[in-house]
Amino acid sequence: MLSILRTMWNVLLHTFHKRVTIQYPEQKPYLTPRTRGRIILSRDPDGGERCVACYLCAVVCPVDCIALQATQDENERRFPEFFRINFSRCIFCGLCEDACPTYAIQLTPDFEMSEFNRENLVYEKEDLLIDGPGKYPGYNFWRVSGVQVGGKGKGESENEQPPTDVRRLLP
Amino acid sequence: MGTIYIDGEAREANDKQNLLHACLSLGLDLPYFCWHPAMGSVGACRQCAVKQFKDENDTRGKLVMACMTPATPNARISIRDPEAVAFRAAIIEGMMLNHPHDCPVCDEGGECHLQDMTVMTGHDYRRTRFPKRTFHDQYLGPFVYHQMNRCIQCYRCVRFYRNYAGGHDLNSFDIRNTVFFGREKDGVLESEFAGNLVEVCPTGVFTDRTLRQHYTRKWDLRMAPSICGHCSLGCNITMGERYGVLRRVVNRFNSEVNGYFLCDRGRYGYEYVNSKERIRDAMLDGKRISGDEAEQQLQTMISGGKRLIGIGSPRASLESNFALQRLVGKENFFAGVALGEWEALTAAVDALRTTPARIASLHDVEESDTVLILGEDVSNSAPRMALSLRQATRQQSFEAAAKLRIPLWMDDAVREVAQDQRSPLFLAATGATRLDDIAAKLYRAAPDDIARLGFAIAHEIHSSAPEVPGLSNEILEAARTIAVVLKSAKHPVVISGTSSRSIPLIQAAANVARALCDSGLRASLSLVAPECNGVGLALMGARPPQEMFDSAKDATVIVLENDLYRRFLRSAVDDLFGSAERTIVLDHLANETTARANLLLPATTIAESDGTLVSSEGRAQRFFQIFPPQPELRESWRWLRDHAWTSLDDVLKAMADEALQLAPVIKAAPQESFRIAGAKVPREPHRYSGRTAKTANISVVEPKPPADPDSALSYTMEGAHVQPPAALQPFFWSPGWNSIQAVNKFQSEIGDALRGGDPGVRLFESSSGGSYFNAIPAPFTPRKSEWLLVPAQHIFGSEELSSHAPGIAELAPDPYLAMNAAGAAKLQLEASSEVEINLGGTAYRLPLQIAPELPDGVAAIPDGLTPARGAELPAWTAIRRAQ
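If you read the sequences in order, they're chains B and V. Under this note's numbering, think of the first position of the first sequence as 1329, with each following residue one higher. Under this note's numbering, think of the first position of the second sequence as -4, with each following residue one higher.
Keep in mind that the hints are not guaranteed to be accurate.
What the hints assert, rightly or not - So the derived list for chain B, only partly shown, Cβ under 8 Å to chain V, looks like this:
{"id": "1", "residue": "CYS1382"}
{"id": "2", "residue": "CYS1389"}
{"id": "3", "residue": "CYS1393"}
{"id": "4", "residue": "ALA1395"}
{"id": "5", "residue": "ARG1406"}
{"id": "6", "residue": "VAL1475"}
{"id": "7", "residue": "GLY1479"}
Simulated from the structure, these hints should not be mistaken for laboratory data. Just so it is clear, CB atoms sit at the ideal spot from N, CA and C, and this is done for glycine as well.
Here chain V stands alone, though its shape is the one from the complex (with noise of 0.2 Å):
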């Protein structure tokens, strides 16, 4: 830190920033387009003029660009200079001169950055009468809506995609006042971090198509901070709802975890909470009964002195996995998870509770070093960790850029200086991956070897981890070389996860983690678990899924938010409802489960409920009801809470008091008793409109704001618009800054945590016990007539729930399976052709897809997208041409 001078007041900043960030930092207004937080600045737009002064007795100065000026000890600037305000003001006239007269139409109207910036410098006339240059626009997928005429040339977009993502399809083109931001013909966008375009772009070129289906000013939205339930990293996210529709998903900035970026299943899968496919009413053995009626069913059915079994879900929240739990009884609460997945999934937290390295978050992933993947397609399973994963491999550049004194946030002469180099990105892979391009080394085995070449790379690198009988030379030596630079770095991070369901491939990162800690390497370990809520469950303590099936004959069986056919074989679920005495099935989406269903109740989803859920580095996250439910619907543990149980507060101290390892849970968040001056936090903007006329066409009499007995956050625009803890944030907005980067103004500094802290509380660290795992698996053979098949993972299609998302289903893949040329060669097959398989007693028919990066004797077929889908993977299973 060092002391600056502002229009002649001495402020402390930053000397390792530069000019912008420290006054942004200090509070202070001071217009920008093409600097970014997590970019850096390039010196494009030349918005942010300041005056320099050499010393306090230089009168004149000199106009410098705020973002390309180092922020040294004794720096003297004015931001109030008449030339500085003149400079600026001229340059917004200047990029206004082709801008289009949109904003009415315009998707970014009232909360576009280039309005606030083109008001924060009073440019309000439009003194030009030249006709203004216009562009065509381009198709670019069903998530992300082009309007080229609006762009003022401030290259954010290709920084962010090009540079940033890794994408390669999106480009400028052209020159001088027609440079064009674009693909080089229309199509979807490739990159999976395509939607946050949306929020880099500071007009409206880049707009969400999503929400143009069902459009609202970001004013208008009642908003409250939400946790993506797509995949396990918990991204921080805010939703936005109007007249009960759900509207759209932003970032809600967390610097542990999603920092300013997510990926678009998680910004975009939000749209199955408005489906068709909704269960909006209880349902008696298929009769429509009302909420209350359903009330009373269940309570007959579960007190008739018949058996309990509760089937848990890693897709609902700690709070009704919990209520589940509690009316079953521990005994006969079972984890609702394919079995092999189980396994994997509870190797995986054990691994991390026993662990001595750092359990890394998404920033500790971003700052690493190396990186070592074991058998994990991140860019498909936890999206945003792909992302992380590219700002890792520049680690190494920055230290050359350092040696040259260059300062960080100088991007582009920190990425001249970069060139091609990358820190060691080490990636053992199945099959292909979308970090490939950036991989150091690249290696392709079936999951046992990789989980070898893992066990012998701990070996390498400290001899107390079990050696690998019978490595091949070739291994032995892949494993060397990557151990000898696994131990040269600073921070390494080892990350792995349950997508492969292999128990050895976690417990391999486990030991390659362990091993740097050895060697006193500051080492983190990652381990990616499956849906939002995996790591919860497994916390919980749920008895595991294969005894379910036995204990279910003649009980109630109550299945909480899952569908058992997604993960289980069909003869076997089918045996399981056959045998129960009454199935209950709570859920919100309409599925093979539910319709087996005798009492139907209907449940919540993430944006109509509250709850926590666990993320896979052990991280619980408060989410909160964005609108109230239709009175019908209930949270699932409201329908099975105990009696004593009146508020989501009463189930988190219930829960806090019977599980030790949860009891850091009620912390999350502040409980429903927390004020402001009195107060609760408003969940919608100070200018929330047609309060009065809303609801006027089915009663002229306005009503009375719904009450919300479970959060500190209430249903009305009323409450102090002060900045609340990090957890209760309901949308980001300050006077003059209405774009998501008002987000500036509630940062303790410039992309650092939220003032307060960032939200949510780790359930547990890295500790001092456990030892090396020892059980190393035998080397993978290829079997003569039958192939390995194993789960590939698509970030589109997936998952379940955003996969009832049009956007998402639209770019889904077709079912398929995929083996390498020579597999195909051998069976005498060719791509598309029908083949058929053999899983646990059903034949499944697939077109065959050539993937020449899959080893011999393996075929995968995509997770969640076959058919086949409740068969249990990896499995070996013949192949041959369909009859």
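Chain B with its partners taken away, still in its complex shape (with noise of 0.2 Å):
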């Protein structure tokens, strides 16, 4: 009996406390920029898609939700030729964007993707590519990488000397 009455005088007792709780969807909570949501992929400083298709992302993924397809441009860039998460396993885990080696893969704050046909939580890379270089604005992986790729020949990567000429004759 004695406990009946302490429970609800704590409950009257909270009515007057700060409230912890928002009114979401009316009320939007504040998401770090580091929070995992909605997966993204994203551009380099020069417009060019991120995505090497190097499928680390897809290989640390616990849950295997995402797939992918390596393939070259004729200037032997290689990019994903189609790039899948599905969404309606994918846990926010976070490990594809630790695994990406091109900033490419980004988890965004949205969280805001709830559908009623599971269909509909599958992203194709048209749904995933963003417009700009989101988290790390400055890295652009083919300056660092040593292949020849459009635009950019052998040694003209960051930290690179010119290619030797092998037929020069000085020791």
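Join the two chains, each given in its own frame, into one complex according to the hints.
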């Protein structure tokens, strides 16, 4: 009897406390930029697709919800032919972002992606690709990598010597 | 064997080997780059450093390179010694100074030996700030992709390409940290073994260009053990698939057959599986029908009371041929092989089954110290054997090295001792071959003359062999010299084959082998057969092909995976189909024969089938489905099966009951019921990705993995990840060893058989019966106005299936007719002028090529590559300038 009364008293006291919950969706919460929500694919500062289809996000994904296929354009630049995330399986763990060597795949603070149909949660590359570099504005993998790619020859990457000349006679 | 002490622990080690070999054989992890189990040690990379101690009281020790130090009994070493650990880490750091930031876009990533070794030594952070050195890359042809920046200068590529495979056009250039590995200028790599660079290179300098077109990481491939279907040697391969597309072929180690290497036809011929020419639907008189309808149609057609004629195929599995033979009856089952080729093949199988000599596996060929090749261009007809032959010619230098007490793994020293010394390889061929450079003696003649030489050698070796009448002094002298050398050998091998379609050649080779055995030598014999299952088809007891043309009248003809227009004269095949009541064709690639089918049934390729192939040494080897075929596609044996059969095991059982000589085939691989800890062997690596997304675009509901009723392999990543029996080994992977070099972890001793024995069973061994062959041909005499037209084999193009792969097609030669300059002069023709020949009543035009090696009176055309490919060869024909 006494415990019931104490409980009711506590409930009454809470009526005068500051509220912890907010009135979502009328009121939006503040989410830090590092919140792990909807996944996007970003572009490098030059506007090209950042994803080089290395498959590291796919292999690290604990629920195996990323599938892609690599291909290359006429300049030997590699990119995903298709890139699919099945958000109905995604657990937003962020491991794909950790694994990505080019900052292409990033998790955003957007989490509002409820659907009535599971089919609508399958995102293809055109649904994922955004127009900007996302959280990492400066980085362009192709400027660092040693491979030859459209407009950049051998030895023209950052911190590279010009290509050696096999036929030179100097020691 | 002796005892060595590794980190204080006593272990058994092979004292004829080095410490690296010993450590790896014991399952210990010691990083290395330049050492290769097939190529020995040179001590170039300094990566396998260990501490060696004088005795148990020595605590200081000294750093030694494990690969350059013999595993002498009582050697004391430490792998874990801090100084050795620091040294190895420093070496890796040095190699990584210039290694580019390429892993995400490098095709080696995920199966890179450099990645594995870097992780193994613990080097994980780059400290240097200096700019990296770079190189220009080269175009090396349709198979190998070059990215020189990634090189760590281990020299494995040139050691393989030049020393092991005998190539000339890949070399090292320049000095110090700018050593460059490539060609003198851009161009297609000449060696037919260049594709092995992809596996030999420990990093991504040489990668698979065909894989690059549809790139997938190793961990994402669904893989299964398979057998190469592009020649008769039966090399073991692993194929990988993703999204229903076959992605690549890599070597699957088999110590008796291919060892560590494949030829380029075998490695890159796989792309026919993805060809646009694939037959994907069943067709009834040109109209598409469903698989079930096709099944019904087939039943009505075969049960109509009409006589059934079955035409088997040397490129279809034993099971498919057997299912057809069972369906039509033994008396109505014909070999779908060109007449001359079939006769040569049955003669070869006959010779192999009666010979007292050992039937040589590729490993036996490699260990032979004297070689006699009679009329077979193995570099083109069975290319992997040419690589074994190159190793066989080193046997003599091994003896010289042993005398100087140089261990054989000390590769550079052994080659230094050898200089140009080679074991004798006697080569008799009609035209130029790619082994001419290592031949001790070359003999160029028409096939009949080569056979006469062979018979003469046999008689010189042992007098019970028949004597050859009317030999010229010159040939007699040659035969005597060769006989003397062969008799002084320890393990001589005699090689011939069916590609010249000459029975005397095969019998001459068998006679030489028999004569050697009669002289008390341990000789071996190897006869190259046509296509991947020619020997299997011959063992089935098919009726000879010439009889099928008469018996096809008003019958229902069933053609199994065979383009008859490639093998027989157009007019004869047209007549066959014309006189037949109905034609049922099963195949996987569209060709002229499939165009003639009333009922066309889509069959599966090797990659989508289970079955068995019998190699030219009589080794039955099982291949397994890499991926389930599309629903309308079925294995040929499944289309033709007896309704009591539900799985491959039922077919095998029926076959064993029916044909006694094929009974051991069942043992070629474990049956479907085989389980490890209650589970099947997974085809997918444990890190196979995209399971819940790869078909989400079609349906978000994940489908149940397909069942496999035919094998003990599963289509999932679940199952026991322990070593299965070798025949079921889907891929080589071991923790920390992602590259193909993980095979170290699966061998009983490095370079030795896979644990539990190599896969495959031999269907016949040497026998004690038989006798010498007596049918010695008359000497070849050139005719006045006619030439003997012989087929010339080409590694790229002569084989039907691989020529559908774009890379192979690119390297295949254009059609030609070759003769020597004297012949051309006689006809007043010059190179590349058009000539006209007449074969089987049809005239063909071909550009002329001058081949100085061809004997007088003999002309050659590329096998399978000209419009005249259905014509029976060799044949006499007039050659004249085309009007």
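For each hint, the structure was consulted:
Hint status for CYS1382/B: holds, given a least beta-carbon distance of 4 Å to chain V, under 8 Å. Below 8 Å, beta-carbon pairs count as interface contacts, and CYS1389/B has one with chain V at about 7 Å; its hint therefore holds. The criterion of a C-beta within 8 Å of any C-beta in chain V is met by CYS1393/B, whose closest approach is roughly 5 Å, and the hint holds. Interface hint status for ALA1395/B: upheld, as the beta-carbon distance to the closest one in chain V is roughly 3 Å, under 8 Å.
The beta carbon of ARG1406/B is positioned within 8 Å of a beta carbon in chain V (closest approach about 5 Å), and the interface hint is therefore held. Because the closest C-beta pair between VAL1475/B and chain V is about 6 Å apart, less than 8 Å, the hint holds. A cut of 8 Å between beta carbons decides the hint on GLY1479/B: the least distance to chain V is about 16 Å, and the hint is violated.
In this structure, only the earlier hint numbered 7 is contradicted, and the remaining ones agree with it.
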